[in-house]
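Chemist: Each chain is listed here by its residues.
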Amino acid sequence: MEMKIPPVAPDQKQETPFVGRPMQRIEDVSLLTGRGQYGDDVGVKPGTLHAAIVRSPHAHATIDRIDVARAEGMPGVRAVLTGADIAGWSKPFVVGVKAPMEMWALAMERVRYVGEPVAVVVAESRYLAEDAADLVQVEYSSLPAVATIDEAIGPDAAVLHEAVGSNVVSDRHFRYGDPETAFASAPHTVELTVRYPRNSCTPIEGAIVVADYLSPEEGYDVSSNFMGPFSLHTVMALALRVPGNKLRHRTFRDSGGSFGVKHAVFQYVVLMCLASRKAGAPVKWVEDRLEHLTGLTSSTNRLSTIRAAVEADGRITALAYDQFDDCGGYLRAPEPATFYRMHGCLTGAYAIPNLLVRNRVVLTNKTPAGLVRGFGGPQVYFALERIMQRISVELNIEPVDVYRRNFIPADAFPYKAAAGALIDSGNYQRALEVASTEGGLAELYARRDKARAEGRLFGIGFAAVVEPSISNMGYITTVLPKEERAKAGPKNGAIASATVGIDPLGGVNVVIASAPAGQGHRTVCAQVVADVLGLHPDQIAVNVEFDTQKDAWSVAAGNYSSRFAGAVAGAVHLAAVKLRDKLATIAAPQLGCEPADVVLAGGKVHRKDDPSRSLPFLRMAASPHWAPGLLPEGVEPGLRETAFWSGSTLAAPDDEDRVNTSAAYGFAFDVCAVEVDRHTGRVRIDKYMTTHDAGKILNPALADGQIRGAFAQGLGAALMEEFRYGADGSFQSGTYADYLVPTTCEVPDIDIFHIETPSPFTPLGAKGLGEANNMSVPPCIGNAVADALGVADLTLPLTPSKVMALIGTDEPPPSAGMAQPAAAPAAAGKGGKALAARGEVVFDASPEAVFKVLLDPVALAKVIPGCNALDPAGENRYRADVTVGVGMIKARYSAEVELSELDPPRSLRLAGAGLSAVGSARGSGLVTLEPQGTGTVLRYDYSAEVSGKVAAVGSRMLEGAAKIVLGQLFEQLGREAGGTGGARPAAAKRGWWHRLLALFGVKA
Amino acid sequence: MKPQVFDYARAESADEAVALLAEAGEDARILAGGQSLMAVLNLRLAQPSVLIDISRVPDLNYVRNDGKQLVIGAAATQGSVEWRSQLASEVPLLAQAFPHISHFQIRNRGTVCGSIAHADPSAELPLALAVLGGQVVLRSRRGRRVVEASDFFQGMLMTARAADELVEEVRYPLAQAGHRYAFEEFSGRHGDFALAAVAAVVTPDSIRLAVGGVSDRPRVKTWGRVSGADLDSAINDFAWELGARDDHHATGKYRRQLVRHLGRTAIEKALA
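One line per chain: the protein sequences are A and B, in this order.
Note that this note's numbering has the first sequence beginning at -13, numbered continuously upward.
Note that this note's numbering has the second sequence beginning at 747, numbered continuously upward.
In short, the hints are calculated from the structure, not lab data.
Since the structure is predicted, the reported quantities are computational estimates derived from the model, not experimental observations.
Where a beta carbon is used, it is the ideal one built from N, C-alpha and C, also for glycine.
One or more of the hints may lead you astray.
[Claimed, not checked] Cβ-Cβ distance ranges computed for the label pairs, FRET-style:
(1) B:978 x A:779: 28 to 34 Å
(2) B:1011 x A:167: 54 to 60 Å
(3) A:190 x B:891: 29 to 35 Å
(4) A:113 x B:850: 43 to 49 Å
(5) B:906 x A:797: 34 to 40 Å
(6) B:891 x A:70: 57 to 63 Å
(7) B:810 x A:32: 16 to 22 Å
(8) B:773 x A:886: 33 to 39 Å
(9) B:795 x A:524: 56 to 62 Å
[Claimed, not checked] Here are the computed lysine-lysine pairs in the DSSO-like style, where the Cα-Cα straight-line distance is at most 30 Å:
(10) A:264 x B:748
(11) A:31 x B:1015
(12) B:999 x A:788
(13) A:673 x A:436
(14) A:31 x A:77
(15) A:232 x A:473
(16) B:999 x B:1015
(17) A:590 x A:564
(18) A:788 x B:1015
(19) A:77 x A:468
(20) A:788 x B:967
(21) A:436 x B:748
(22) A:264 x A:436
[As the list claims (entries may be wrong)] Here are some of the chain B residues that sit facing chain A, going by a computed Cβ distance under 7 Å:
(23) 747
(24) 962
(25) 982
(26) 994
Please take these sequences and the hints and turn them into a complete structure.
Modeler: Following this line, the structure appears as structure tokens:
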């Protein structure tokens, strides 16, 4: 069945189909000349207002009070929406796991992640809205935060949703075949624990929503760049408490990238609908970069332990997964789909009959996770493909032999995998051959030998992935036990739809219920229809602006799970065929033949046996509009056909929890060689090749573009990208200086090979291919690094600093005579990532004098850097208004300062907590005073936590800033206590501490 | 990501710029290339009352070789220095450092004096100024003063500039006969903030090494012409002295490793 794609010359005549040709995209002209119609470019109704969202700076806190008076009173502000408003107009979002936990469009009573929406300000401009957002006063009481899976499942963990009683909100066991016997009888068991980090595929364009509440009768009219799945349309409508037909949703023509993450726009569609309702006007919201990185979504971080039962020759007889998925502060639909999208094919590309799975869904104080390109795949394959490498190492078998012996045999397709995937077609051994021969594997090994002989760190890695496409809408119900599934009713299928019509001049129009984000869907649809109707693609107009009130669609609609080539283009083909058949029926009498003998080709409609008996397509196709009375008997007027398609193999999960999670399964086999710089830990990609089998390729140029893009994102996940959180749950990757994405400077060229084994289950034999490299690249590079360094445990991303630690060189100590630098403070806080500072200052004043200053509010006000006001609020407690800053950066905090553990004149604790428009900060430190001559040595030992915007964008400078502010504080303290004297910093003259903490940290 | 309200004043001359600064008080900011300031404004991490735009002040837009120094005015962009045909012979260290400064689009906007005034601990231009022993000219309505680089940089984003002073020009000493210069940097991606950057100046009787991106400001160390294990030991001690800390990009230990590796590489390159 498999074939190589023949090269097609661009000027090739129309006798060959357009499908399969590397045609240039119809979309490119407008996109490359600045005429794209992105959401933010599209005009809005006069009177449209602009929204800014007030977001939580805390990872976990109760909301004690929200005071919107100042914000509402600002000129130009039209409404402020809070949780109290939306309780009457909306409901929590429904989700696939039944548990007593609620997620509303705005936080209710409690916030569970940094960036969670707390209020929406609607004003005449975004500038005014942001000004007013800074004036919304929210009083929080912070709660202990749970920042990691390990903490969340610990016995003393703070519980996010108290009614659930645990942070583990779903715990499912699955068993297929007889894994226990396989493990008991296998000569080898190989085990590995891996973590897949939080990352994303960040589109250039963030979320955009324009929402308009029309009336109770007409409901809501929204345009957004939500990408689907449109099963979430029902989630939105239910949340808004309207029937689906009163939530009209339209997409914009162009989208500036989506990559899965724009599924999460649905949450903001609901929020802006409610904001519009409150404001009584249309509301537009454009997500900015900080909001996008902080609050929209993220891939699901996973902790998995994988075990393989392995025969002496490397054949795997059983696999066992024990997996924890961290879905963040709320389980938001479609989660926990990260687990279940891949469920049917957890055995990957291998013929492994026995499988054991335990899936636990964990909530932590992080941004809700969700779809990210590759959805579920990177998490599975980082475990599965890493263990393939471990098997090779532990059993001392060449990796290609381990692969060859485990691959599903080419004659076994369609292959029913242990957990239920019906893997439609493939020839994995052939892909291995292509990589070996055309890819020059032997040469790569020779390069490795040579490099190693020269003492260089060089490694080769492999990864094989089965790439599911066209998700079964029923797969998520695998999370429910079969009894609950039975109650809920069966869910299955993956309905795609398309409409092809002809206008009164014979022009062909195509409409699809997808929501593309730059992949070139219009181009491919035109190719598909052109082939069926015998036209040129230029003659086909394709409209991809999806309107839920006007288009044919169903729950699976949208742009996800690589469903375009297999499902959507297939539905387009089916609709075009229906239309062609109708045209043939109409033309047959005029040509004097049977409809079956009518051929549409080259812009003409002719008899199969006599091409000279022909009609021009345009005239023939237009005439039924003008003269419906002349239609042959039984032919209905109108030239517009809609086709619906759903994968015939997509059943609901069976009673044994087997589920065919997707309609088609593509394949990719990757090989890479890396060299690691032993001085810097930098991983250089020496060579990367990827061999794909995606069934029938519709447009090879677009296919290769998808592969290159996925490779770049996989490379980012492997080497750079991670959403980082502090131990207090503070989010610390709010800019592209902190969240590193590979740029063109970092992405090497790759070698791409294709083989084609068409799918028997999709209309055109096509499968998805845009996600495989998101899944394969992290383990492939990881395996190459493991091979280069001879290590077993790798944690992504493989930053130079981490790789250097893996190389593990001994560090020379400073020479004996050198003054030891102040020991780095012991990392404070649970995860060791809180800011900590320790130091000492020498004063010319006595301990008593210093103590006196600290207890005197007037003097204390002079000591606290940037203190604008200090008012008593109880014994040794104060409310303070403090402006702190370093360099040009400044922020004004409303703070509480407290002195405790007083032991005059020896020691006390100085603590502070503050909130500002740029986030929250709190710190606490023990201060000890010891007489030294006529003066005092003051020692301090501080730890601080900073959260919100400052932590998100300033993590690079936080620690330095903390020290600066502490330095200012104690220097001023010395000055105040000693009258005019001033402090003598103990170590360096100007020490390195001088200003900033409060801004970021120790509010002092 | 929209800034708060601020006033905007475009200065027509250096005199006007310093007059405006004097009147506006502490909350005024000079806007030159805007490559750091605009981001900070949009994030609302700064709330200046007024921006004084000097980008079109003709008498601040100059780059000249006065025979001893390369003198760069406050409105001169980094690009206008980088693309000088003689830069590699005038100030070879700068010629080596420029490609590491973000991307050329940013260098076409960003100014040299702006980078000096901002004093980011990872920035290349302050590092080069420090190792070369350059000068900063500060001007206010009160007059002018010339500050040595070693006194100018005082900490993270902290300098000797008073609120009413404009960084009017910076002066990079020209290459001296018999002196050799080298610049090395390591960052996560091309153009990122340096995890560590080093600049080396080797003279007939000394080795000077400066490190950026590790401490709170560029740090400079001078040794005699040590070599071999002594040089390694000296660099290692310097690496320890810098007080490198852990952050999300790299550990302190890793930064020390970079200082040792880059320091040695730069010195060897200068000696070669």
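Chemist: Each hint needs a verdict: does it hold in this structure or not?
Modeler: Outcome of the hint check:
1. B:978 x A:779: 28 to 34 Å: 31 Å, holds
2. B:1011 x A:167: 54 to 60 Å: Taking Cβ atoms as reference, residue 1011 (chain B) and residue 167 (chain A) lie about 58 Å apart, which means the hint holds.
3. A:190 x B:891: 29 to 35 Å: Given range 29 to 35 Å: violated, Cβ gap about 46 Å.
4. A:113 x B:850: 43 to 49 Å: 31 Å, violated
5. B:906 x A:797: 34 to 40 Å: 35 Å, holds
6. B:891 x A:70: 57 to 63 Å: Distance hint for residue 891 (chain B), residue 70 (chain A) holds at roughly 58 Å.
7. B:810 x A:32: 16 to 22 Å: Given a distance of about 55 Å, which is not inside 16 to 22 Å, the answer is violated.
8. B:773 x A:886: 33 to 39 Å: At 35 Å between Cβs, range holds.
9. B:795 x A:524: 56 to 62 Å: The hint (56 to 62 Å, Cβ to Cβ) holds, given that residue 795 (chain B) and residue 524 (chain A) are roughly 58 Å apart.
10. A:264 x B:748: 24 Å, holds
11. A:31 x B:1015: It is violated: about 63 Å lies between the C-alpha atoms, which goes past 30 Å.
12. B:999 x A:788: Holds - the C-alpha atoms of residue 788 (chain A) and residue 999 (chain B) are around 11 Å apart, at most 30 Å.
13. A:673 x A:436: It holds: about 15 Å lies between the C-alpha atoms, which stays within 30 Å.
14. A:31 x A:77: 28 Å, holds
15. A:232 x A:473: 28 Å, holds
16. B:999 x B:1015: Holds: residue 999 (chain B) and residue 1015 (chain B) sit about 24 Å apart, inside 30 Å.
17. A:590 x A:564: The hint holds at about 18 Å.
18. A:788 x B:1015: Within the cut-off at roughly 27 Å; holds.
19. A:77 x A:468: Given pair residue 77 (chain A), residue 468 (chain A) holds - Cα atoms ~27 Å apart, limit 30 Å.
20. A:788 x B:967: Given pair residue 788 (chain A), residue 967 (chain B) holds - Cα atoms ~28 Å apart, limit 30 Å.
21. A:436 x B:748: 55 Å, violated
22. A:264 x A:436: The hint is violated at about 70 Å.
23. 747: 4 Å, holds
24. 962: Hint on residue 962 (chain B): holds, closest Cβ of chain A at ~5 Å, below 7 Å.
25. 982: 5 Å, holds
26. 994: Nearest chain A Cβ about 5 Å off; hint holds.
When held up to the earlier numbered hints, the structure conflicts with 3, 4, 7, 11, 21 and 22 and fits the remainder.
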